[in-house]
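Student: These protein sequence lines map, in sequence, to chains A and B.
If you're matching positions, the first sequence starts at 551 in our numbering and goes up one per residue.
If you're matching positions, the second sequence starts at 551 in our numbering and goes up one per residue.
Think of the hints as simulated: they come from the structure by calculation, not from any bench.
Take every hint as true, because none was put in to throw you off.
If several chains are the same, the list does not tell them apart, and a pair holds so long as it fits within one copy or across any two.
Each computed DSS-like pair below joins lysine-lysine, with the alpha-carbon atoms no more than 30 angstroms apart:
no., residue 1, residue 2
1, Lys-639, Lys-649
2, Lys-639, Lys-617
3, Lys-649, Lys-592
4, Lys-592, Lys-617
5, Lys-592, Lys-639
2 protein chains.
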Amino acid sequence: MISSTAEYALRAMSWLALTPDERVASSALAEKTLVPVDYLAKVLQLLGDAGFIEGRRGVRGGYRLAKPAGEIRLLDIVNAVSRNELQLKPIEACPLGIKSHGAALCPLHRTMDRAIAAVMDVLGDRTLADLVSEEDAPTPLCESRAGIGVSVKRT
Amino acid sequence: MISSTAEYALRAMSWLALTPDERVASSALAEKTLVPVDYLAKVLQLLGDAGFIEGRRGVRGGYRLAKPAGEIRLLDIVNAVSRNELQLKPIEACPLGIKSHGAALCPLHRTMDRAIAAVMDVLGDRTLADLVSEEDAPTPLCESRAGIGVSVKRT
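Chain A on its own, in the form it takes in the complex:
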């Protein structure tokens, strides 16, 4: 249900949230997240456009979060990288443009709207910080906490 693009964005953002004190080169990020480097470049572009990350070129360059992990909802990450049809947003009018339906959705689109609302509830309720701050849980993308080489900073 989650597109590859959205999943890759969540992985990349999780990694950056786990390493808040460093800039991560896109090649390293690709390696850590197991995302093809060209595909990752496109995802990073979208995340940058959305204001979630900022990158710098050069020897000491790389990417880092542009705002605290606690201020970035998973829902907003998914929507930042998803093309229109896969965006998580309420269906506000008949997608077929049937005039008599108007704002009163038919049972098909009402059901789809309910499914979307259920996902929005889950992903709108959690931030990146929630993902990386859980005690006694495996760290996203890592074999173990020791594997990331830096302490996990809770924001």
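Got chain A sorted already, so can you dock chain B onto it with the hints?
Tutor: Same frame as chain A, now just chain B:
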């Protein structure tokens, strides 16, 4: 969140559920569902492969449901036409193959699993018959019940 393919499949199946007594030509189905005819052909192929519809060639040919609408869950329609990454199914092991995670998902994949479960709840709980049998609701795909030219058969 719902892919175009899944949405088109749900539209086509809804139309066939609304016209249980006739075979519908793919051109007519494309017109009624506002789906490009070539795209619809691929969707119909997948729905046929899944055993939800059956088609017949010729002058009196066309498509119809292969089983009662009450026995076809919306969840199964979506999964029948969705490529692997967009399937609605539980995440049973770390998608990155991280050995130490195993069946204990990290917070990222546990959250995604929860989002998927929420959608599965909504779409697994409703059948095609539910969509076309609601009183006092706009009929899927139609300007009005009169617009479909046949009585709505409740299964």
